[in-house]
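A.B. asks: Residue numbers (the working numbering), protein chains in the order written: chain A, 1 to 412; chain B, 1 to 412.
Among the hints, a few may not be true.
No copy labels: a pair is met if it fits in one copy or bridges any two.
Unchecked claim - The calculated lysine-lysine pairs, modelled on BS3-like cross-linking and capped at a C-alpha distance of 30 Å, are:
id	residue 1	residue 2
1	Lys387	Lys110
2	Lys387	Lys129
3	Lys387	Lys338
4	Lys88	Lys55
5	Lys316	Lys129
6	Lys387	Lys31
By construction, these hints were calculated from the structure, which means they are not laboratory data.
In this text the structure is predicted, and so the values were computed from the model without any measurement.
These are the residues of each chain, in order.
Number of protein chains: 2
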Amino acid sequence: MTLIVQKYGGTSVGTIERIQAVANRVVQSQKQNHQIVVVVSAMSGETDRLLSLAKSLSRMPPPRELDVLLSTGEQVTIALLSMALEEKGYTAVSYTGAQVHIRTDNVHNKARIVDIDSARVQQQLRQGKIVVVAGFQGIDEDGNITTLGRGGSDTTAVAMAAALNADECHIYTDVDGVYTADPRIVQSAKRLRVITYEEMLEMASLGSKVLQIRAVEFARKYNVDLRVLSSFETGSGTLITDEDENMEAALISGIAHNRDEAKLTIVGVPDMPGIASQILGPIADANIEVDMIVQNVGLDNTTDFTFTVNRGDYEKALAILQKTAQSIDAKNVAGDNKIVKISVVGVGMRSHAGIASTMFSALADEGINIQMISTSEIKISVVVAEKYLELGLRTLHTAFALDNGAVTDLIN
Amino acid sequence: MTLIVQKYGGTSVGTIERIQAVANRVVQSQKQNHQIVVVVSAMSGETDRLLSLAKSLSRMPPPRELDVLLSTGEQVTIALLSMALEEKGYTAVSYTGAQVHIRTDNVHNKARIVDIDSARVQQQLRQGKIVVVAGFQGIDEDGNITTLGRGGSDTTAVAMAAALNADECHIYTDVDGVYTADPRIVQSAKRLRVITYEEMLEMASLGSKVLQIRAVEFARKYNVDLRVLSSFETGSGTLITDEDENMEAALISGIAHNRDEAKLTIVGVPDMPGIASQILGPIADANIEVDMIVQNVGLDNTTDFTFTVNRGDYEKALAILQKTAQSIDAKNVAGDNKIVKISVVGVGMRSHAGIASTMFSALADEGINIQMISTSEIKISVVVAEKYLELGLRTLHTAFALDNGAVTDLIN
Numbered sequence: 001m002t003l004i005v006q007k008y009g010g011t012s013v014g015t016i017e018r019i020q021a022v023a024n025r026v027v028q029s030q031k032q033n034h035q036i037v038v039v040v041s042a043m044s045g046e047t048d049r050l051l052s053l054a055k056s057l058s059r060m061p062p063p064r065e066l067d068v069l070l071s072t073g074e075q076v077t078i079a080l081l082s083m084a085l086e087e088k089g090y091t092a093v094s095y096t097g098a099q100v101h102i103r104t105d106n107v108h109n110k111a112r113i114v115d116i117d118s119a120r121v122q123q124q125l126r127q128g129k130i131v132v133v134a135g136f137q138g139i140d141e142d143g144n145i146t147t148l149g150r151g152g153s154d155t156t157a158v159a160m161a162a163a164l165n166a167d168e169c170h171i172y173t174d175v176d177g178v179y180t181a182d183p184r185i186v187q188s189a190k191r192l193r194v195i196t197y198e199e200m201l202e203m204a205s206l207g208s209k210v211l212q213i214r215a216v217e218f219a220r221k222y223n224v225d226l227r228v229l230s231s232f233e234t235g236s237g238t239l240i241t242d243e244d245e246n247m248e249a250a251l252i253s254g255i256a257h258n259r260d261e262a263k264l265t266i267v268g269v270p271d272m273p274g275i276a277s278q279i280l281g282p283i284a285d286a287n288i289e290v291d292m293i294v295q296n297v298g299l300d301n302t303t304d305f306t307f308t309v310n311r312g313d314y315e316k317a318l319a320i321l322q323k324t325a326q327s328i329d330a331k332n333v334a335g336d337n338k339i340v341k342i343s344v345v346g347v348g349m350r351s352h353a354g355i356a357s358t359m360f361s362a363l364a365d366e367g368i369n370i371q372m373i374s375t376s377e378i379k380i381s382v383v384v385a386e387k388y389l390e391l392g393l394r395t396l397h398t399a400f401a402l403d404n405g406a407v408t409d410l411i412n
Numbered sequence: 001m002t003l004i005v006q007k008y009g010g011t012s013v014g015t016i017e018r019i020q021a022v023a024n025r026v027v028q029s030q031k032q033n034h035q036i037v038v039v040v041s042a043m044s045g046e047t048d049r050l051l052s053l054a055k056s057l058s059r060m061p062p063p064r065e066l067d068v069l070l071s072t073g074e075q076v077t078i079a080l081l082s083m084a085l086e087e088k089g090y091t092a093v094s095y096t097g098a099q100v101h102i103r104t105d106n107v108h109n110k111a112r113i114v115d116i117d118s119a120r121v122q123q124q125l126r127q128g129k130i131v132v133v134a135g136f137q138g139i140d141e142d143g144n145i146t147t148l149g150r151g152g153s154d155t156t157a158v159a160m161a162a163a164l165n166a167d168e169c170h171i172y173t174d175v176d177g178v179y180t181a182d183p184r185i186v187q188s189a190k191r192l193r194v195i196t197y198e199e200m201l202e203m204a205s206l207g208s209k210v211l212q213i214r215a216v217e218f219a220r221k222y223n224v225d226l227r228v229l230s231s232f233e234t235g236s237g238t239l240i241t242d243e244d245e246n247m248e249a250a251l252i253s254g255i256a257h258n259r260d261e262a263k264l265t266i267v268g269v270p271d272m273p274g275i276a277s278q279i280l281g282p283i284a285d286a287n288i289e290v291d292m293i294v295q296n297v298g299l300d301n302t303t304d305f306t307f308t309v310n311r312g313d314y315e316k317a318l319a320i321l322q323k324t325a326q327s328i329d330a331k332n333v334a335g336d337n338k339i340v341k342i343s344v345v346g347v348g349m350r351s352h353a354g355i356a357s358t359m360f361s362a363l364a365d366e367g368i369n370i371q372m373i374s375t376s377e378i379k380i381s382v383v384v385a386e387k388y389l390e391l392g393l394r395t396l397h398t399a400f401a402l403d404n405g406a407v408t409d410l411i412n
């Protein structure tokens with residue numbers, strides 16, 4: 001007998017009919033000799049409905065009370081799903097975050113899980129029950145209700161899987177797995193059979209919004225095998241797991257992209273120690289997150305400093321940078337919010353030279369100018385003009401032989 | 001400084017605007033140097049919305065999960081009311097039944113409160129906070145969520161008041177107090193300034209649906225001063241409290257009625273020991289509640305046995321009784337569901353003779369035939385044909401001098 005934690009998001013439980021469909025899936029799994037813990041989100045639309053009630057009372061609702069309010073969303077779902085399971089003749093029992101002791105810190109609206117007391121759940125599983133747990137919520141050590149922030153249900157599922165030492169944690173979504181590239185852009189994109197945590201983290205942070213980054217980090221930390229599956233279709237999805245030997249076949253596992261960034265450059269900065277923090281300090285103080293950073297030293301003892309931010313923060317960052325430019329006596333400030341970041345990701349590149357040159361020459365052959373480059377151990381990212389998004393993705397997908405199943409070991 | 005527990009029902013918190021109005025009232029009370037604990041119900045309509053979700057999944061939803069579902073209703077209200085209070089610049093803190101340790105037995109959907117741990121609430125009050133508690137819900141000793149049954153929020157409020165040793169418990173409703181008779185029928189009905197628990201219990205059980213009987217019983221048991229007030233108007237309402245000396249002035253405090261009953265008679269029953277239980281046993285087995293019971297022994301060694309049930313159970317009771325009549329060899333079965341019970345209620349009647357004769361002769365003078373009579377220490381009830389409801393009420397209201405303020409001590 002194996003223990004599986006399954007997580008269904010808001011869309012998957014968005015109507016009574018869909019809750020019944022989820023119940024069917026859960027029952028199927030239990031019949032395959034699995035012990036099942038189900039983690040669910042609020043029905044789609046419910047969190048927004050509750051938020052709008054709060055907003056009609058207060059422009060800035062007190063965070064503690066917002067958590068009390070929002071946590072009712074998942075509580076409704078656990079009760080309804082348990083009813084649907086019981087109606088099918090199965091024994092189910094629902095638990096709120098508080099009831100199953102999902103202990104978090106006390107940072108309301110974006111709490112972090114500290115500990116889970118799994119004894120109660122284990123006892124119910126031993127009795128043959130299906131355990132249904134509310135995602136997204138917990139309690140702090142004073143018994144206040146907390147929430148983990150949007151999408152936190154993924155994290156709940158992984159944390160439950162870790163606490164229960166589950167065999168796998170299945171995340172049901174509206175896609176059927178992780179692809180070598182966005183299939184809406186690259187028709188020849190293939191679903192990956194398996195991918196490492198690190199690769200998935202790079203993919204996720206680069207805009208492949210299949211999974212919350214936090215959940216993947218959590219899974220890596222506690223070595224939980226994660227599987228992304230479709231709520232609406234059958235299939236084995238994509239397994240996200242630790243690196244092992246037979247993965248080395250693939251140089252790269254996918255091409256990710258993120259068009260939600262904007263680029264800012266401050267030109268002709270006096271090149272002296274501490275200048276980077278003088279530039280980025282005010283940006284950080286304004287709670288703007290910085291992604292890529294590139295600095296080149298020029299010949300005239302000045303330097304050009306370029307970084308990217310979320311596109312939504314572009315105007316704000318530009319205004320701050322213009323002030324900074326005056327105070328540090330820089331020559332000029334420039335910006336561009338019509339860019340896209342394209343990245344090749346793969347644990348294989350650690351042991352293989354030549355990935356970068358393949359990437360750069362493939363793009364050059366198509367006349368695509370590279371504006372920024374940034375690398376990590378398992379990723380090379382470039383920033384190019386947004387108009388090259390589709391061409392760039394397809395070019396790289398072909399250049400790394402992802403079209404024709406060269407990485408068959410990883411593609412299902 | 002006094003401590004007041006205030007309870008607002010679903011209609012009082014039915015919209016965002018009404019929640020804001022409740023917040024205003026709470027703030028006004030706190031300004032009058034009161035410590036305030038507020039108990040609230042689900043927004044009107046919310047419980048029905050949740051129930052219909054459950055019913056669309058299961059004809060008989062599992063009681064435990066129904067409680068998990070329904071308890072979200074009050075949880076939404078406590079969060080919203082706390083937000084409204086904070087928005088006005090006051091410090092509020094919300095608690096679910098579980099958080100404030102409202103311990104109940106484990107009878108889901110109609111749990112009874114066993115214990116409340118008031119330490120946490122007291123600590124918050126000392127810090128000057130307004131404490132907002134979810135009505136209607138608690139937890140059993142295994143941490144399962146329970147609910148107290150519809151209207152249970154009144155009971156929560158009284159239990160909180162008892163646990164906190166509050167000065168008064170205020171129940172806000174859509175009427176402004178308890179009247180000497182139903183003001184929709186008797187124009188000259190007056191609002192009572194004060195009434196005893198026992199009188200209120202008789203009034204409530206007789207169909208004056210201002211308060212839940214359970215809440216009044218709880219208040220009597222723990223000697224909590226209860227006050228019924230209007231959510232929408234100002235006024236001092238009606239105080240429900242222990243009997244004291246200056247109440248003796250009033251013979252009776254009100255005329256109650258209940259038209260939700262039906263009468264059944266089994267005629268010509270052999271008069272022998274145990275016959276009553278043979279008749280009522282099958283009725284009780286069918287979960288039909290019996291109210292009045294009257295038995296007369298006739299001359300021919302047979303007896304006529306009459307009782308009343310809820311009008312909704314009339315057909316079912318009649319069918320059962322017909323079976324019983326055959327098995328015990330009774331002559332006949334008769335029934336009437338066009339009846340009304342009218343009662344005069346007052347602690348004063350304990351020490352005064354003549355109440356019954358005043359009542360019966362006043363009714364006789366108007367040609368109203370009495371079908372059944374039943375008495376308790378502080379109440380005399382008669383069953384008459386339903387068509388006499390209005391005439392009977394007005395006649396008795398006048399006969400006991402309630403019209404002209406003879407009981408001025410009790411009428412505001």
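A.B. asks: Tell me, please, which holds for Lys387 and Lys110 at an alpha-carbon limit of 30 Å: within, between, both or neither?
C.D. replies: Close neither inside one copy (36 Å) nor across copies (64 Å); limit 30 Å.
A.B. asks: Checking an output row: Lys387 and Lys129, CA cutoff 30 Å. Within, between, both or neither?
C.D. replies: Intra 53 Å, inter 57 Å, cutoff 30 Å: neither.
A.B. asks: Is it within, between, both or neither when you check Lys387 against Lys31 at 30 Å Cα-Cα?
C.D. replies: neither (50 Å within a copy, 63 Å between copies)
A.B. asks: Please sort Lys387 with Lys338 into within, between, both or neither, judging by C-alpha distance up to 30 Å.
C.D. replies: within (8 Å within a copy, 82 Å between copies)
A.B. asks: Taking 30 Å as the upper bound on the Cα-Cα distance, should Lys88 and Lys55 be classified as within, between, both, or neither?
C.D. replies: between (39 Å within a copy, 14 Å between copies)
A.B. asks: Evaluate Lys316 and Lys129 at a C-alpha cut-off of 30 Å and name the case that applies: within, between, both or neither.
C.D. replies: neither (53 Å within a copy, 39 Å between copies)
Hint violations for this structure: numbers 1, 2, 5, 6, all remaining hints satisfied.
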